[in-house]
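2 protein chains.
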Amino acid sequence: MADDRKITRRDEDYSGWYQDIVLRAALGDYSPVKGCMVFRPRGYAIWEKIQADLDRRFKETGHQNAYFPLLIPESFMRKEAEHVKGFAPECAVVTHGGGALLEEPLMIRPTSETIIGYMFAKWVESYRDLPLLINQWCNVLRWEMRTRLFLRTTEFLWQEGHTLHETHAEAKEEVLRMLGVYKAFAEEMLALPVIQGRKTDSERFAGALETLCIEALMQDGKALQSGTSHDLGQNFAKAFDIEFTGRDGGRQHGWSTSWGVSTRLIGALVMAHSDDQGLVLPPRIAPEQVVIVPIWKKDEEKPPVCEEARRLQAAFKERGLAALLDDRDQFKPGYKFNEWELRGVPVRVEIGPRDVASRQCVLKRRTGGDKEAVPLLGAAARVVEVLEEIQQQLYARALALREANTHVASSYGEFKELIEQGGFIRANWDGTAETEEKVKNETKATIRCLEDGRSDPTGPCMVSGREGKFLATFARAY
Amino acid sequence: MADDRKITRRDEDYSGWYQDIVLRAALGDYSPVKGCMVFRPRGYAIWEKIQADLDRRFKETGHQNAYFPLLIPESFMRKEAEHVKGFAPECAVVTHGGGALLEEPLMIRPTSETIIGYMFAKWVESYRDLPLLINQWCNVLRWEMRTRLFLRTTEFLWQEGHTLHETHAEAKEEVLRMLGVYKAFAEEMLALPVIQGRKTDSERFAGALETLCIEALMQDGKALQSGTSHDLGQNFAKAFDIEFTGRDGGRQHGWSTSWGVSTRLIGALVMAHSDDQGLVLPPRIAPEQVVIVPIWKKDEEKPPVCEEARRLQAAFKERGLAALLDDRDQFKPGYKFNEWELRGVPVRVEIGPRDVASRQCVLKRRTGGDKEAVPLLGAAARVVEVLEEIQQQLYARALALREANTHVASSYGEFKELIEQGGFIRANWDGTAETEEKVKNETKATIRCLEDGRSDPTGPCMVSGREGKFLATFARAY
Chain A
33 MADDRKITRR DEDYSGWYQD IVLRAALGDY SPVKGCMVFR PRGYAIWEKI
83 QADLDRRFKE TGHQNAYFPL LIPESFMRKE AEHVKGFAPE CAVVTHGGGA
133 LLEEPLMIRP TSETIIGYMF AKWVESYRDL PLLINQWCNV LRWEMRTRLF
183 LRTTEFLWQE GHTLHETHAE AKEEVLRMLG VYKAFAEEML ALPVIQGRKT
233 DSERFAGALE TLCIEALMQD GKALQSGTSH DLGQNFAKAF DIEFTGRDGG
283 RQHGWSTSWG VSTRLIGALV MAHSDDQGLV LPPRIAPEQV VIVPIWKKDE
333 EKPPVCEEAR RLQAAFKERG LAALLDDRDQ FKPGYKFNEW ELRGVPVRVE
383 IGPRDVASRQ CVLKRRTGGD KEAVPLLGAA ARVVEVLEEI QQQLYARALA
433 LREANTHVAS SYGEFKELIE QGGFIRANWD GTAETEEKVK NETKATIRCL
483 EDGRSDPTGP CMVSGREGKF LATFARAY
Chain B
33 MADDRKITRR DEDYSGWYQD IVLRAALGDY SPVKGCMVFR PRGYAIWEKI
83 QADLDRRFKE TGHQNAYFPL LIPESFMRKE AEHVKGFAPE CAVVTHGGGA
133 LLEEPLMIRP TSETIIGYMF AKWVESYRDL PLLINQWCNV LRWEMRTRLF
183 LRTTEFLWQE GHTLHETHAE AKEEVLRMLG VYKAFAEEML ALPVIQGRKT
233 DSERFAGALE TLCIEALMQD GKALQSGTSH DLGQNFAKAF DIEFTGRDGG
283 RQHGWSTSWG VSTRLIGALV MAHSDDQGLV LPPRIAPEQV VIVPIWKKDE
333 EKPPVCEEAR RLQAAFKERG LAALLDDRDQ FKPGYKFNEW ELRGVPVRVE
383 IGPRDVASRQ CVLKRRTGGD KEAVPLLGAA ARVVEVLEEI QQQLYARALA
433 LREANTHVAS SYGEFKELIE QGGFIRANWD GTAETEEKVK NETKATIRCL
483 EDGRSDPTGP CMVSGREGKF LATFARAY
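For the record, the sequence lines run as chains A and B. In terms of this note's numbering, the first sequence opens at residue 33 and continues consecutively. In terms of this note's numbering, the second sequence opens at residue 33 and continues consecutively.
These aren't lab readings, by the way, just hints derived from the structure by calculation. Be careful, since some hints might not be right.
Claimed, not checked - Listed below are several chain A residues computed to face chain B (Cβ distance under 10 angstroms; list not exhaustive):
id, residue
1, R72
2, R74
3, A98
4, P101
5, L102
6, G131
7, I140
8, M151
9, K154
10, Y159
11, E202
12, W328
13, V388
The beta-carbon is built from N, C-alpha and C at its ideal position, and this holds for glycine as well.
Same shape as in the complex, but just chain A:
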């Protein structure tokens, strides 16, 4: 149930503010299992909308869904050297099943390259079977010490795409294509502007030749990795003997990719757009797009007002809008307004006896601005317009915030000052892990990516003074 306590203010305690919104807007909850969360219906409904839209994009680009086992033999994880190093420490291990000790321990998947690689080897015979374009929607587990609802949890939900190609060029094309799908999705649906580029060696996926990513900026100036796409080269093909007969009749190893986004996107959504009144959601991803609050004082006013409200709801639904009607008796309108603001419904429609008499209703946007009287007849069309305006406005606002918080540092001194205010800081880097590590230890900032087309160095490394290899984009990150 909603209550009327205020939520923590964003500028007082950002992480308390975030937690208040997640809990009070009933998106998620803590569970009795350490590090694992519960996705409550309003949070899960956002995930369903994310799934529906991404799934359409995946299918349009030729991918098919499949499902592979949750449990992975320990020996599989060990077959690719980098992969096991990266993931073994994070795994949950099943040692007993059916009342007996297992001969070989099974890991709960932290990601499925290994077991999918094993199956690909079984399925592929000839170049004619390629490309294999598979996606899986599932749960994964990575043991986490410090967790945070949606953003970092031991179990999370995600999709993992896994593809196999005849040539490295085709695999690379796929890696870029899917990063593009993620970027378009984040910007169009989540109203989340993102930068894109490649990870440094130290931030790369364990077992990949190259990891591309999209990164978004949150309101507190921290970056959030919002999607990754990996060129796995022939690493997994060699580890799992994924061979096929090529056009020349010879046997060769396939080239594979993988790419994923997770329920952490829900955390990104919350952090990118919300305010001190609570959750703010882009209309295209909001499970409830408009709420109608009928207003009456005298008992005899209720039936005609509610009847008109129901008609409005029907008209909204006919337009394809997710429309709620809040005709609860036990709460006053002011209480309902607060509750739906906290819960992030983009548009509220109020209707009282006088509105009914003058055949109008009143629109109020979650993002502020004046109330707007609208004739009942044109209300649905107007709400559709307003929702679209809000979607654009949220994107523009997030983009402006990012632009205002993206700086170039010409010296390490300047970098240290800038990083305290948050945001993306672009600076020359000598390309060594040593320098990267030093910056991380001294400032808690990491290289988020080497941005596509924007990472040519402009001078010597800000830290070492050695030759600059890249203009890298740094930030403190979630």
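Take the given structure of chain A and dock chain B to it, following the hints.
Same frame as chain A, now just chain B:
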């Protein structure tokens, strides 16, 4: 890849036939993890259609989706006495996480009554918060010794509904409502006629007061439980302190239900409708509803034929049909016909140069019958009609099979003869577990259910000769 070996004949080796179809129609595959299977794209696509349709029905009946942790503390499983007895032997146990031994072992959910009960206790305060109507789509694990693709696997996918109510009457209504949803779904979408009724004490869900079920008959005369709906009474409410303030201001325990269907429905579909040529799917659940095979001999015939085939595909898609075009060069038409028959596409459309000239195409149903020439212009509308006819025909055929294989046994001798031929056998039963056990040991038949409105006894128990309590419905079952 499809190949042209024949599949095992149904009347020679039913279970070999079933396995051939699952593997050769590329619905599923064995995995390297004992007891766990891979859902290949064509099998998973059936699950997606099952999900979409059921999900709509769940939402129409007021339910919301949510997601709860995969891992359940061992102590939770122990809180309800019957529940732990039923499920503990089947559980997979996580003992290590993040490189360390866990303080308390975690079980991978075999079902989620316990952890959802814990959360319900947190969320419910007053009768105003009720009913709570939640559903979860997820994976579950139950250690199985003898597994079979789709029908019985250690990990499977399912939905589990969990609801909480103010009164027992409301909970019972819910249990019946959801059984009704399952029955309608099975009959309308899967073309699977089912009987419905309640389980005996020995077949009841561990922790339930009463388990209702739907049961379908496969072509080999064995029954398959296709969905269950449980009245959990206050068992879990008491074990997990799910209390609320009632209308009278006093504290009381809630009444809960749970209900589920799983990916075993895919196995049911395969077994109920397929034949010696391979998979047969009801059109409403078929991921590919119509396949167009263009036919040409001379190279110059290919472009005009394929162009017309593409136009047909576009027209089919416009009608909302899932339409494939098989214009592969490397296979002959006959090979393609066999492959799509094996793979269960309900309607094949052939088009060759002479058809193009006379502005027609040829329809062939997967379920047999003559080919039918149809003008190109009306082809899409005709395919829609034909698909609907096939859907009805498959249901009628399955119903006729069930009717022909449902018998009443007036003596145990007759029962033993009848059960050898398979089917549902209805017989008087004295209501004791002892008799039930004896029948099971001697004939391998179990009581599938006490059918709604049809379980009044008509005489003494066929086994013990004691007073008949029920006219029970027996069968050998999957």
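Evaluation of the provided hints:
no., hint, result
1, R72, "6 angstroms, holds"
2, R74, "8 angstroms, holds"
3, A98, "5 angstroms, holds"
4, P101, "4 angstroms, holds"
5, L102, "5 angstroms, holds"
6, G131, "5 angstroms, holds"
7, I140, "7 angstroms, holds"
8, M151, "6 angstroms, holds"
9, K154, "7 angstroms, holds"
10, Y159, "12 angstroms, violated"
11, E202, "20 angstroms, violated"
12, W328, "20 angstroms, violated"
13, V388, "28 angstroms, violated"
Violated hints, listed in ascending order, are 10, 11, 12, 13; each of the other numbered hints is respected by the structure.
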